[in-house]
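Visitor: Spelled out, the chains give:
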Amino acid sequence: IQMTQSPSSLSASVGDRVTITCRASQSISSYLNWYQQKPGKVPKLLIFAASSLQGGVPSRFSGTGSGTDFTLTISNLQPEDFATYYCQESYTTPFTFGGGTKVEIK
Amino acid sequence: QVQLVESGGGVVQPGGSLRLSCVGSGFTFSNSGMHWVRQAPDKGLEWVAFIQYDGTDGSEKYYADSVKGRFTISRDNSKHTLYLQMNSLRAEDTAVYYCAKRSYYYGSGSANHPYTWFDPWGQGTLVTVSS
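So the sequence lines, in the order shown, correspond to chains D and E.
Our numbering puts the first residue of the first sequence at 1035, with every later residue one more than the last.
Our numbering puts the first residue of the second sequence at 42, with every later residue one more than the last.
For the record, the hints were derived by calculation from the structure and aren't laboratory data.
On a predicted model such as this, the values are computed, not experimentally measured, just so you know.
The beta carbon of each residue, even a glycine, is placed where N, CA and C say it ideally should be.
Among these hints, one or two may not hold up.
Distance condition first, Cα-Cα at most 30 Å in a straight line; then the derived DSS-like pairs of lysine-lysine [as the list claims (entries may be wrong)]: (1) K120/E with K1136/D; (2) K84/E with K1140/D; (3) K84/E with K1072/D; (4) K1140/D with K109/E; (5) K109/E with K84/E; (6) K1075/D with K1140/D.
Where chain D lies over chain E, by a calculated footprint (3+ residues, C-beta under 8 Å) [claimed, not checked]: (7) 43-52; (8) 121-135.
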């Protein structure tokens, strides 16, 4: 299964609404997770099963989608949200990650 | 709290071997499936291998095609430790290697196929393959 994220990078301002998309090469139902990684840090789980928010993650993060098309939305972007975001399919091995989306400060 | 601590990284020549370790604490290690995930410098994330919880010779193990036949995942539940034996190392194996716990839940309609994810992750250990 190939996972294609878009865009690969984006510039946004604090307070903006940001949407990142992830497309699977075949249907993966809701077996889709989202992670956030800051430079030099360990990836952090944000969303599992396409739309379930991990405990402790701010509610401005949300995930939608099923089948082949998924989105991660960050509403009201905060300074601490500037990072790289990865989608990952958990439908089957090799549990492929998307290529990442780097969210930068405009 | 749940914690994973990797060790064993370092510099190795092409063709060489290295064994990584990951010690888990704060959870029932023997009941948990475990993964290795790697990240090459300034690159994205790549799943490497998975081992199911019991760790016996017949336990489920899965590998990425890029490491199959060269890497071996194993575990010692008495020591709460996960291993990755890496042989025939190549320059393209240079990466930070993370261990991660398999977390999961059975949602409605997924009785035979749980939703799973990597959480938590260890801090990572750097493997550099270079002459």
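Visitor: None of the hints should be skipped; say for each whether it holds.
Guide: Going through the hints against the structure:
| no. | hint | verdict |
| --- | --- | --- |
| 1 | K120/E with K1136/D | 38 Å, violated |
| 2 | K84/E with K1140/D | 23 Å, holds |
| 3 | K84/E with K1072/D | 13 Å, holds |
| 4 | K1140/D with K109/E | 42 Å, violated |
| 5 | K109/E with K84/E | 21 Å, holds |
| 6 | K1075/D with K1140/D | 22 Å, holds |
| 7 | 43-52 | violated (count 0) |
| 8 | 121-135 | violated (count 0) |
Hint compliance for this structure: hints 1, 4, 7, 8 are broken, all remaining hints hold.
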